[in-house]
Structure formats: structure tokens, C-alpha cells
Amino acid sequence: MATCGVCLVGLALFSTTANAQSAAPRDYLLGPVGQASLFLDVVGGTSETAAASDLPLPNNASVSRTLIATALYSFPIAGRYYALSANGGRARVKVESPSGAAETSGWTDPAVTFHTNIFGGPALSAEQFRSFVPRTFSSIHVTVNAPLGSYDPNKPANVGSNRWTLTPVVNLTITRNKGVSWLDLYAGGRFSTKNDAYNGHGELTQAPLGTLTVHYSHNIGKRFWAGAGLYYDFGGETTIDGIPQDDSASGFRPSVTISGLFGKVRLSVRYDNTASTPRALPTNGKIVLRFSRPLF
Numbered sequence: 001m002a003t004c005g006v007c008l009v010g011l012a013l014f015s016t017t018a019n020a021q022s023a024a025p026r027d028y029l030l031g032p033v034g035q036a037s038l039f040l041d042v043v044g045g046t047s048e049t050a051a052a053s054d055l056p057l058p059n060n061a062s063v064s065r066t067l068i069a070t071a072l073y074s075f076p077i078a079g080r081y082y083a084l085s086a087n088g089g090r091a092r093v094k095v096e097s098p099s100g101a102a103e104t105s106g107w108t109d110p111a112v113t114f115h116t117n118i119f120g121g122p123a124l125s126a127e128q129f130r131s132f133v134p135r136t137f138s139s140i141h142v143t144v145n146a147p148l149g150s151y152d153p154n155k156p157a158n159v160g161s162n163r164w165t166l167t168p169v170v171n172l173t174i175t176r177n178k179g180v181s182w183l184d185l186y187a188g189g190r191f192s193t194k195n196d197a198y199n200g201h202g203e204l205t206q207a208p209l210g211t212l213t214v215h216y217s218h219n220i221g222k223r224f225w226a227g228a229g230l231y232y233d234f235g236g237e238t239t240i241d242g243i244p245q246d247d248s249a250s251g252f253r254p255s256v257t258i259s260g261l262f263g264k265v266r267l268s269v270r271y272d273n274t275a276s277t278p279r280a281l282p283t284n285g286k287i288v289l290r291f292s293r294p295l296f
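Under my numbering, think of the first position of the sequence shown as 1, with each following residue one higher.
Among the hints, a few may not be true.
Claimed, not checked - Restricting the straight-line Cα-Cα distance to at most 30 Å, the calculated cross-link-like pairs of lysine-lysine (DSS-like) are:
1. K194 / K222
2. K194 / K94
3. K194 / K264
4. K222 / K264
5. K178 / K264
6. K155 / K94
Claimed, not checked - Cβ-Cβ distance ranges computed for the label pairs, FRET-style:
7. A101 / N177: 49 to 57 Å
8. I140 / G44: 40 to 48 Å
9. G221 / T136: 20 to 28 Å
10. Y232 / I174: 28 to 36 Å
11. D246 / S125: 18 to 26 Å
Honestly, the hints are just simulated from the structure, not real lab data. Note that this is a predicted model, so its numbers are computed, not measured. Just so it is clear, CB atoms sit at the ideal spot from N, CA and C, and this is done for glycine as well.
Starting from the given sequences, assemble the full structure and let the hints guide the process.
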């Protein structure tokens with residue numbers, strides 16, 4: 001069994017970033033088609049659970065600082081709303097383990113996400129969207145992370161993961177009072193190929209990780225809203241050179257979010273942390289600051 005290091009650091013962010021199963025409230029709200037938007041996420045987190053943070057060993061602590069930029073473009077297909085987004089970023093990671101500490105920085109694995117509406121999401125122009133009364137809708141979001149981030153098999157810590165990752169998410173968003181309050185229900189999973197260059201020539205695999213999410217959010221005036229939610233993570237156990245690490249997730253993460261519109265820029269702040277770990281696993285917490293605005 002390997003005794004030190006982290007060769008995988010996958011950061012759970014928003015719907016248009018690397019790990020969609022930690023999406024925030026209203027992440028999947030529909031907008032007008034033919035619009036491009038820019039998102040900038042600043043993430044700070046402390047992770048100890050392998051299944052939630054991609055850490056391959058238990059009893060490690062990882063402190064991460066990440067900057068992710070995402071571009072999204074929406075378009076119509078057969079009268080429905082669709083969108084495509086791509087992202088990339090830089091991260092700094094510090095890892096502590098029983099055998100020592102390691103620190104590194106580099107490029108994250110880039111990701112592409114395809115958003116497909118199932119029902120309730122008509123393709124509307126910007127002018128039509130202004131008078132549109134929000135309705136209950138559902139969509140599918142599929143994110144693919146490519147193993148193109150910074151990775152050195154001879155280093156005990158890496159930002160890139162050296163593996164492909166597929167993250168599908170389905171959302172059901174229920175609106176009340178003409179869009180004043182929202183109930184978001186998400187179900188997602190993360191499926192990864194193996195890393196065959198872990199700590200040199202080792203092999204690291206990870207079982208699928210599932211996440212169920214519920215968020216409630218409510219408008220505060222015309223420009224602000226606040227929300228509270230709960231994530232439940234399950235699965236995701238890692239295996240190193242055929243040896244199970246006994247680190248699968250099974251716990252709850254409460255979350256709070258506040259968001260405000262300042263001119264054309266929306267600023268959102270979200271915080272979540274582990275509150276319940278039935279398998280007595282360590283905690284995982286992060287704070288995410290997001291800036292977003294339409295480009296055209």
C-alpha cells in the first residue's frame with residue numbers, strides 16, 4: 001500500500017465546472033438562447049475523505065485554492081433550451097499525511113459539459129425571456145473531464161488526475177410564486193477510469209461516487225436570493241494496486257448560499273461542510289465565490 005501523497009485532486013464545484021454533483025441552488029436555471037455567459041469561481045477547501053475529494057488515502061488533509069473560468073453558450077434545438085460549456089483553471093494544493101507533507105500548483109483537468117432540457121424549457125429569445133413566467137422543468141447535464149491537467153507521476157501531489165471522468169447529473173427544479181421560491185432536486189454520479197501512473201507505476205481505481213442533493217432558495221427583493229441545501233454522498237471507494245482503501249463516502253453535507261446582482265454581474269457565495277459521517281470518515285468543507293455575467 002502506498003503511504004504518502006495525493007496524485008488526484010478533483011475539486012467539486014458547480015454545474016459548469018469539474019464536478020457537477022456539488023451543484024449549488026439555481027445552477028441549472030434556464031436563460032435565453034443565443035446568449036454567452038462567463039463564470040469565474042474562486043474555491044477554497046479542506047478535504048480529508050477520498051470519495052469526496054479524490055484523495056487516494058484516508059487520514060490525509062488537503063488544503064486547496066482554485067481559480068476556474070467557464071464559458072457557456074445556449075442555443076435552441078427543436079424548440080428546446082440546450083447549452084454547451086467549457087472550463088479550465090489553476091489550483092494550488094497542500095497535502096499532509098502521516099509520512100510528510102507535499103505542495104504543488106498547476107492546471108486543473110479541463111472539462112466540457114453538455115446541457116439538455118427534458119421538459120419545461122422552451123427556447124426563448126432575450127426579449128421573450130423577459131416576460132416568461134418560470135415553470136417547473138428538468139434537464140440532463142453531462143460533464144467530461146480530460147486528463148490534460150498538470151500531472152507528474154514522480155510527485156506525491158498533483159493537480160491533474162491522469163484519468164478521464166464522466167459526471168452525469170439530472171435536475172428537477174420546481175418553482176413557486178412565479179419564480180420567487182425554488183426547490184432544486186439533483187441526482188448525479190461520477191465515473192472515472194483508472195490512473196495507471198499513481199506514485200510512479202502504481203494503479204489507482206475508484207468506484208462510482210453518487211450524490212443526491214436538495215436545495216431551497218427564496219428571493220430577497222428583486223436582486224438577491226438566499227438558499228439552504230443538503231448533499232448526500234455515497235460510494236467512491238478507492239483501490240490502490242488492488243488493495244481497497246476502505247474510504248467510501250456515506251455522509252451528509254449541509255450548504256448555505258447567498259447571491260446578489262450588481263449591475264450585470266452576479267456575485268454568489270456558497271459554503272458547505274460535512275455534518276454526518278455514518279462510516280466515521282473525516283470531513284470535507286469548502287467555500288466558493290462565484291462571479292458571473294452575460295457576454296452577449
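query = Is the straight-line distance between the alpha-carbon of K222 and that of K264 30 Å or less?
reply = Holds, at roughly 13 Å.
ask   = I140 and G44, beta-carbon distance inside 40 to 48 Å?
value = For I140 and G44 the Cβ distance comes to about 30 Å; the hint is violated.
task = Return holds or violated for the Cβ distance of D246 and S125 against the range 18 to 26 Å.
result = 54 Å, violated
query = Do G221 and T136 keep their Cβ atoms within the hinted range of 20 to 28 Å?
reply = 24 Å, holds
query = CB of A101 to CB of N177, is that within 49 to 57 Å?
reply = At 51 Å between Cβs, range holds.
query = CA of K194 to CA of K222, is that 30 Å or under?
reply = 47 Å, violated
message = Looking only at beta-carbon atoms, does the pair Y232, I174 fall within the given range of 28 to 36 Å?
response = 19 Å, violated
ask   = Are the Cα positions of K194 and K94 separated by 30 Å at most?
value = OK: K194 and K94 at ~23 Å, within 30 Å.
ask   = Does the alpha-carbon distance linking K178 and K264 stay inside the 30 Å limit?
value = 22 Å, holds
key: K194 paired with K264 [C-alpha distance capped at 30 Å]   = 42 Å, violated
ask   = CA of K155 to CA of K94, is that 30 Å or under?
value = 12 Å, holds
In summary, the structure is inconsistent with hints 1, 3, 8, 10 and 11 from the numbered list given earlier, while agreeing with the others.
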